[in-house]
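Novice: What follows is the residue order along each chain.
2 protein chains.
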Amino acid sequence: MSQVTILDVSLRDGSHAVRHAFTEAQVRAAAKGLNAAGVRYFEVSHGDGLGGSSLQYGLSATDELKLIEAAASECTNSDVSVLLIPGIGTKQDLQNAVTAGAKMVRVATHVTEADVAAQHIQLGRELGLKTVGFLMMAHMAPVEKVVEQAKLFESYGAEVVYVTDSAGAMLPQDVTVRVEALRDALTCDIGFHAHNNLSMAMANTVAAVQAGATFIDGSMRALGAGAGNTQTEVMVSVLEKYGYATGIDLYKLLDVATDVIAPIMQQPQEITAGSLVLGHAGVYSSFLLHAQKAAQQFGVDERDILMTLGNMKAVGGQEDLIYEVAQQLQRA
Amino acid sequence: MSQVTILDVSLRDGSHAVRHAFTEAQVRAAAKGLNAAGVRYFEVSHGDGLGGSSLQYGLSATDELKLIEAAASECTNSDVSVLLIPGIGTKQDLQNAVTAGAKMVRVATHVTEADVAAQHIQLGRELGLKTVGFLMMAHMAPVEKVVEQAKLFESYGAEVVYVTDSAGAMLPQDVTVRVEALRDALTCDIGFHAHNNLSMAMANTVAAVQAGATFIDGSMRALGAGAGNTQTEVMVSVLEKYGYATGIDLYKLLDVATDVIAPIMQQPQEITAGSLVLGHAGVYSSFLLHAQKAAQQFGVDERDILMTLGNMKAVGGQEDLIYEVAQQLQRA
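Taken in sequence, the protein lines are chains A and B.
Each number in the numbering used here corresponds to the 1-based position in the first sequence with 169 added.
Each number in the numbering used here corresponds to the 1-based position in the second sequence with 169 added.
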């Protein structure tokens, strides 16, 4: 039976879904349960990674270092991962996270910008961490570009490179071609991270594993940004049906999902009209609020704005474009 | 572009999720929206079909004939379907539904019991209805059995035969082999109805369409029994990405989902521990409550009871078995 390593992101991607309001007690309870259930890694950070707590990205209710420390103190089998987006988090943030007990770092960049991560990957290795490169919005780049960028990550020292479907915009064949290409081009491990905007997170996860990915992200009750992630406890059941071993005790994981995560949730992880349109268009979830404002200002449909941005392959940082698109739609 | 006919079951399968409390005003608003969005058929009945309102299956807050009438009065493009489970609904119920405005009947039986439906299918045709056979719990029978039973439906006069994954227990290959076999063996149309207990409803739906199904069920916001159905508005987006036409205006459908269905929901359509275990074990959702009672009585884990029942291929009507299994687990 092939082995798949599960990384649970409830305490990091889920941070978005609870407006960064995790408490130490909540994180401790979830960490204790994940450790007991045999989940190899789980991630604890602000939703936008180390240092994300800010007016721009949302203030954390509790210092993330305290949360990392609480989580790490519960680990006897599991290890705590942290996410680091260069430009948001710093090398100092990473050193502090290691002091707090982190054993893995995932350095995340836009799919075409792996080169900004070289120092952070190198530092991760120097600090003795399991070190991972995380290519976000991977649906936006053609396969050759994904391979090129993944090779950069590997050359810096990444031990795993992730294909990350940040917008939940991929279909299984999109996952298959990317993971297979990395499988052929790299010697390190391949990971996959899904969002459920098109209700395809689980099918995409199965496609990734069948194509050779061995590190897979999920979150309990799907707690994560937008429509949420692949639901970890469901994935354990589904992967087992496909003949893959996760080493996770399903009943124990179900208990954490039901007793610890469900009560924390501020709203259910549904596919709303907003998250569907984001997934359909394949644009950043941070565009939604701007599109709503621009739609009101110019008297156009926010969905048309998002669809247009998707066709233009707009990326984060191009928020001004949203208002230009709205104006053009008004004229048209 | 191939055409797929969508049948929305929010107002029938969704009846379970709102404890059969739909009001005339709610049904009218949803019907108006579905008709405007171009959804060809939508179903209105008690969750367990015509005549389901009872202490055993749950009392309807509003007489279903009034709901059917309200829905039908809003239809200029769409047609109203009703579900009929022989033994729960009667031929008289069907005649009354037709008087109220129903234009389609779906006669539902357990996957091995199509023969109980002969008279009802024949009556549907006599009444001039679009007439459909609906094979529930289709994962429990091998492909040859599904084909045999579907042929019975066709011989009675069914114009469409559905493969129905009542427990949300199927994976895409389970769907593919069943739909392809029916495609080869029947001349009538093939339909598919999914539940999302394993987070595979959308992938299973795509598999069904690719294998030749042309009638597909969905529900807005996934409102339905257990973990809910394939989410209709998401399906419209996904099928379009796969190159299938649904004839549905996505924006109009999103408006119904957001403005009419979401406010009606009593709880979100999440995959809870209970619905996951039902899907994993592949057993009737009505077993859950009995399993919980039996677990308490015999001091065993309800999940072990359900998994054992799944392995035994227990079917509805065998509720006594649940307590026997609990007792055996206690002894073991």
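Since the hints were derived computationally from the structure, they do not count as laboratory data.
Keep in mind that the hints are not guaranteed to be accurate.
Note: identical chains are not told apart, hence a pair may lie in one copy or across any two.
Derived DSS-like pairs: lysine-lysine, alpha-carbon spacing no greater than 27 Å straight-line [as the list claims (entries may be wrong)]:
1. Lys314 <-> Lys201
2. Lys421 <-> Lys410
3. Lys421 <-> Lys201
4. Lys421 <-> Lys482
5. Lys410 <-> Lys314
6. Lys421 <-> Lys462
Novice: Decide, hint by hint, whether the structure agrees.
Specialist: Results of checking the hints against the structure:
1. Within a single copy, Lys314 and Lys201 get their C-alpha atoms no closer than 40 Å, and across copies no closer than 47 Å, so neither meets the 27 Å cut-off.
2. With identical chains, the CA atoms of Lys421 and Lys410 are at most 27 Å apart within one copy only, with a shortest distance of 18 Å there and 38 Å across copies.
3. In this assembly of identical chains, Lys421 and Lys201 lie within 27 Å of each other by CA distance solely inside one copy; the values are 11 Å within and 46 Å between copies.
4. When the C-alpha separation of Lys421 and Lys482 is checked against a cutoff of 27 Å, the pair qualifies only between copies, where the shortest distance is 25 Å, while the shortest distance within a copy is 42 Å.
5. Taking identical chains as interchangeable, the C-alpha atoms of Lys410 and Lys314 lie at most 27 Å apart only when they sit on different chains, with a minimum of 23 Å there against 33 Å within one chain.
6. For a Cα distance limit of 27 Å, the shortest separation of Lys421 from Lys462 across copies, 21 Å, qualifies, whereas the shortest one inside one copy, 44 Å, does not.
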